[in-house]
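Visitor: The lines below spell out each chain.
Number of protein chains: 2
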Amino acid sequence: MAIPVSPLAVPLPELPAVAGVRLGAAAAGIRYKGRTDVVMAEFPAGTTVAGVFTKNLCPGAPVDWDRAALANGKARVLVVNAGNANVFTGKAGADAAKATAVAAAELVGCPVKQVFLASTGVIGELLPHERLTAALPALHGTLSEASWEAAARGIMTTDTFPKASTRVASIGGTEVRITGIAKGSGMIAPDMATMLCFVFTDAKIPAELLQSALAKGVDGSFNCTTVDSDTSTSDTVLLFATGQTKHKKVPAEGGASMLRDFRAKLADVLLDLALQVVRDGEGAQKLIRIDVTGAVSAKSAKRVAMAIGNSPLVKTAIAGEDANWGRIVMAVGKAGEPADRDKLSIGVGGTWMARDGGVVPGYDEAPVVAHMKGREIDIAVDLGLGSGKATVWTCDLTHGYIDINGSYRS
Amino acid sequence: MAIPVSPLAVPLPELPAVAGVRLGAAAAGIRYKGRTDVVMAEFPAGTTVAGVFTKNLCPGAPVDWDRAALANGKARVLVVNAGNANVFTGKAGADAAKATAVAAAELVGCPVKQVFLASTGVIGELLPHERLTAALPALHGTLSEASWEAAARGIMTTDTFPKASTRVASIGGTEVRITGIAKGSGMIAPDMATMLCFVFTDAKIPAELLQSALAKGVDGSFNCTTVDSDTSTSDTVLLFATGQTKHKKVPAEGGASMLRDFRAKLADVLLDLALQVVRDGEGAQKLIRIDVTGAVSAKSAKRVAMAIGNSPLVKTAIAGEDANWGRIVMAVGKAGEPADRDKLSIGVGGTWMARDGGVVPGYDEAPVVAHMKGREIDIAVDLGLGSGKATVWTCDLTHGYIDINGSYRS
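Going down the list, the protein sequences come from chains B and L.
One point on numbering: in my numbering, the residue at position 270 of the first sequence is 270, and numbering is uninterrupted.
One point on numbering: in my numbering, the residue at position 34 of the second sequence is 34, and numbering is uninterrupted.
To be clear, the hints were calculated from the coordinates, so they are not data collected in a lab.
Each hint can be trusted.
Note that identical chains are pooled: a pair holds if it fits in a single copy or bridges any two copies.
30 Å max Cα-Cα, derived DSS-like pairs, lysine-lysine: (1) Lys-389 <-> Lys-91; (2) Lys-55 <-> Lys-299; (3) Lys-113 <-> Lys-98; (4) Lys-343 <-> Lys-91; (5) Lys-373 <-> Lys-33; (6) Lys-343 <-> Lys-299; (7) Lys-98 <-> Lys-343; (8) Lys-343 <-> Lys-113; (9) Lys-55 <-> Lys-343; (10) Lys-55 <-> Lys-389; (11) Lys-91 <-> Lys-113.
Isolated chain B, as found in the complex (with noise of 0.2 Å):
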């Protein structure tokens, strides 16, 4: 079945190189055919990597190998494959991350635990990592500074486009490069982490500080969306500072103040790629903003939010372009958050169609219904009790997401 590309695609940015970085993609023939499927990046000596992973609790192979080789925060080759997850393999799963570790740490020439691991696609099958190593050297020969659309490609499996972000920021004075890419499009529920997204950097910062600033950039943008409420077992988001630019330099102890700027433009991208993956939704036809105001925390605020995002009576109301505001009171009621009837408003498209308990009198539906034929549908709603807020996306549910998931086995 051939899925057309999302109607919410948006074209990929100039990607200039990041200085340290080389990547490339190769056809492995793991499980696709006549495409790119395994992609590598290598970095200098002395590059520094943070990652988050799923918390789902049934997580993939390489998955338990980043986490572990996290502990050294160093990095010098990522490698990734699509088409298969190597998740619920047991041993031989195990052992196929290892193998394709040491494959790449020989090409290299780098200490095995200084590489890194991601691998998208179909749940409990064998990964056939010898077709995966096989392709490593080739690839290896072949990798560039100029080669971002590749690699964006190479990691894509129901994605319907690649995606990627870039963004400069400055430290002490330094201009810096961000650049990230992602995948993903269905089993999009991330908690802590998400989707395999890799982003790279020419700063040098210390390991714990490039930790807690993706940490705190995952939690506003990827924790942020949902997709299905689906939450998969191969999430990850690795970061790879290459140390190449150099800048003043950020001391591990204190270092936080001068990266202010880095961490913005950070949020920045993991946003923007974030968005992205909900623009591929399985089937999204619409992109859906999710304001909850007036919570009694803002952790509060996210579940309703989250609760209504989730709802597949109100993706599917939203999917037929109707502003169906009771399907909205049902989600922020069954949230079990508190929630006061009688206190809430409202809004879809900037009006407020709902507000005391119930409909706005005089309330009229011209501009609403005009909203909700757009390719971006904004929901607000305040609890009216607090000063708790968050933000969700969302896409909503069609046809095309049954088409997807009902038709073959992805």
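Please arrange chain L on chain B, whose structure you already have, making use of the hints.
Guide: Just chain L, lined up with the frame of chain B:
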């Protein structure tokens, strides 16, 4: 849009009279054309009542009304309308509920607090209660002991078949009858209650004992089902005991032991009705039973089972007749309950497919493929950690669900 009858539908059983219960249905034109939409049931003086209601924090006005009325433990009349849920309608909604109760109380000649109400249908629109009350006098004149099918049909919304169940139970050697009707198809994720369900018996049982029997029965039936994870604002289960059959007196103190058979048969009726609701799940093509064993507790087992039953990826895979156990692994892991990937076993249709963190050696897919083509799908998950177990029922997620919920306002 015409919705075809669910392929999982079951025929309406024979429904003999329940001594003391007189009921009927009429067309009040509240929302639907050319069909009945208001149901009334009258009970003799001395009838006791029990009820459980939605935990959704934005409940409808009829739920508020019933909660208050239940304090008295006595009932003389039940009025139900379909087409408008009278939810999120503010003070006007509460007034509409009260006006309906006053009109019914006058017809029957009883205190207004012995009237029970339920409404189902669209949320957020004012209930045109004048049409409802205008229809009551003629409807009251037609009540009979035989009108069970009319009542079961009169409460339907997107339901494709009427739902009823009946059992005979013994109290101290005397036979009593228990008959229930229910409606429900979407917005089904009951939490301590569900949808609209009305159960009637001719036994004479103190209200406190009736309440405890009902709460227990609902916990093992409706609360173990889900169609779409969306908890309704109107979920209501009411149980009326007319006391018209003479049997050994059931004392309020210490009478519970006499109700062992009654409670068992009541649980049967409730489970039968709950499964009929799942069989009529919006767009359902397959009934799915999920048995989780080996959890650290029954509560933990139920959460894992619900995570599987609410996973869009599991439900679409089953719609596609794909025994995609990778998605079941994902759902187990996302539940957030204790789980160990390497102790997990997964079976479908009696065949264990995965065990000890990987596929079962020599696994033969043929019987599983055959099972997946059937109407009733059994999933077994053993967590291998303890003795906690739970069973949950759900249905698959198909294009029909999108059609029903994305195409018009229900």
